[in-house]
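**Q** With the working numbering applied, the sequence shown closes on residue 491, and no number is skipped along the way.
For the record, the hints were derived by calculation from the structure and aren't laboratory data. Just so it is clear, CB atoms sit at the ideal spot from N, CA and C, and this is done for glycine as well. A couple of the hints might just be wrong.
Once the Cα atoms are required to be at most 25 Å apart in a straight line, the calculated DMTMM-like pairs of lysine to aspartate or glutamate come out as [what the hints assert, rightly or not]:
#, residue 1, residue 2
1, 239, 158
2, 266, 334
3, 317, 409
4, 317, 213
5, 446, 409
6, 93, 130
7, 416, 334
8, 52, 101
9, 216, 237
10, 328, 211
11, 490, 464
12, 52, 464
13, 428, 331
14, 72, 53
15, 93, 123
16, 248, 158
17, 266, 211
What follows is a set of in silico ranges between Cβ atoms, one per label pair, in the way DEER data are often shown [unchecked claim]:
#, residue 1, residue 2, range
18, 108, 490, 18 to 26 Å
19, 30, 131, 39 to 47 Å
20, 327, 490, 30 to 38 Å
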Amino acid sequence: MNIILTTPSPASGDLIIPVLQTNSLADQLVGFAPTLGVSAEVLQRDFKADAKEVLTVYSQNGQKIYLLGLGKDPQEMDWLRTFRKFFFDQKSKLATTLAIDLTAFDGSVVAGVVLGVRGGGYDLKLYQTDKPETPVFYTDAGMLTLQLSPDQQAVAQEALTRAEAIAQTQLQMLDLMNAPANYKKPQTLADWAVASGHQFGYGVTVLDKAELERQKLGALLSVSQGSDVPPVLIIAEYKPEGIENPRKVGLVGKGVTFDTGGVSIKTSSNMHLMKSDMGGAAAVLGAVEVAAKLKLPIHVIGIVPSTENSTDGRSTKPGDVVTAYSGKTIEIIDTDAEGRVILADGLGYMVRNYQPDVLIDLATLTGSVIATLGYHAAGLFTPNDALAATLTQAANQTGEHIWRLPVWDAYTEDIKSDVADVKNYSGKPVAGAISAAKFLEVFSEKHPAWAHLDIAGMAFADTEFGSQKNATGFGIRLLIAYLQLLIEEKQ
1 MNIILTTPSP ASGDLIIPVL QTNSLADQLV GFAPTLGVSA EVLQRDFKAD AKEVLTVYSQ
61 NGQKIYLLGL GKDPQEMDWL RTFRKFFFDQ KSKLATTLAI DLTAFDGSVV AGVVLGVRGG
121 GYDLKLYQTD KPETPVFYTD AGMLTLQLSP DQQAVAQEAL TRAEAIAQTQ LQMLDLMNAP
181 ANYKKPQTLA DWAVASGHQF GYGVTVLDKA ELERQKLGAL LSVSQGSDVP PVLIIAEYKP
241 EGIENPRKVG LVGKGVTFDT GGVSIKTSSN MHLMKSDMGG AAAVLGAVEV AAKLKLPIHV
301 IGIVPSTENS TDGRSTKPGD VVTAYSGKTI EIIDTDAEGR VILADGLGYM VRNYQPDVLI
361 DLATLTGSVI ATLGYHAAGL FTPNDALAAT LTQAANQTGE HIWRLPVWDA YTEDIKSDVA
421 DVKNYSGKPV AGAISAAKFL EVFSEKHPAW AHLDIAGMAF ADTEFGSQKN ATGFGIRLLI
481 AYLQLLIEEK Q
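Make a model of the complete structure from these sequences and hints.
**A** Following this line, the structure appears as structure tokens:
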């Protein structure tokens, strides 16, 4: 399906008219009424423009028109979710050609619209053998026209370019995250990164098990011991051409392709969802690819330690002490707190080999952060106020919300070990997300601009795509918005 921008013109095919739930709703409907051949009073009785509300009507010449409610003061995420649900619900009924009347809005809304339209075509039925054919609108024959006023064309084109770049990457990440463990190994993530690097012109290095052993990434190796599937460390580096001394941002993402909990095994009830435990990796790999697609003038390094956390006679046991890449020793109290252990090596490798100006890690790390923030925000942990402010600004722009939680030194007591430098789990039923962040802070090696994002409640969610929780692709848009804010700061 192709998406093009045009100035206002008579639409062929179906037409969507977004409507805001404002005090001027009656006036808006008065403007539509003559075309539809019904009174504004009738329209207002049947349509309140609540978020995601749809009213289907027909014009006097038989054209199918959808009035699509956006609620009050919609932000980018509201546009995205509204259009995603509409297109997901209606995609089999849409004509081959479709127009969206955006003449009443700023061109920047195009980003949310396009992300929603593309997302609405997502198919979660990855391995079903009897699934229906792709709706015609989402084939190469489909055409979507976005109608904007002439003075909004430049803004709209920039938003369209950014959204298309993100959408295509995000859809691939959804497939990876929704894939079960027998279709998704650490090497699968590595192969994806290598192929992406070749396509979009950035460097990818993959350290296999032998190289991990040679370079002594003992923390990552310790988590992988119980699995027949070998671990990898993926290093994806995008460096812009022709930019002198660009800012360097290091991103580290947890890439556990399946998590049984190891010897500290999880209960069986929701273990099947642990195929999602590589949400941090998806955000990092996706952000690097999008940065390369958009040719952003910023240096981005993404590191993904990737492994399964399984269990057998070789598994790391509670009480074992392992040595991380940095040389620090870790007492393993709980093998189900494995994400922070592999991130210890990811962070250490980033700091010692790349010295980034900014260091951010992302992980589906703790149930504790869900207990704190529910499914509405990721936890943000950083001692750097400026970094927290910029990340929060980016999150507010995209609607991928984050909320700052403390990393005070008082919590360091929770990770003190009697026999090693640190322990990986406090054992306390409180402040679990914070103690995990304090553990990671140790391996940031006092980096002055380090932040940790615990995205456990955000990477998998209830959506229109299926009856169980499935992938959201959380973090890609947030990271790209953050990178763009850094670029603007330097200009």
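**Q** Which of the listed hints are broken here?
**A** 3, 11, 17
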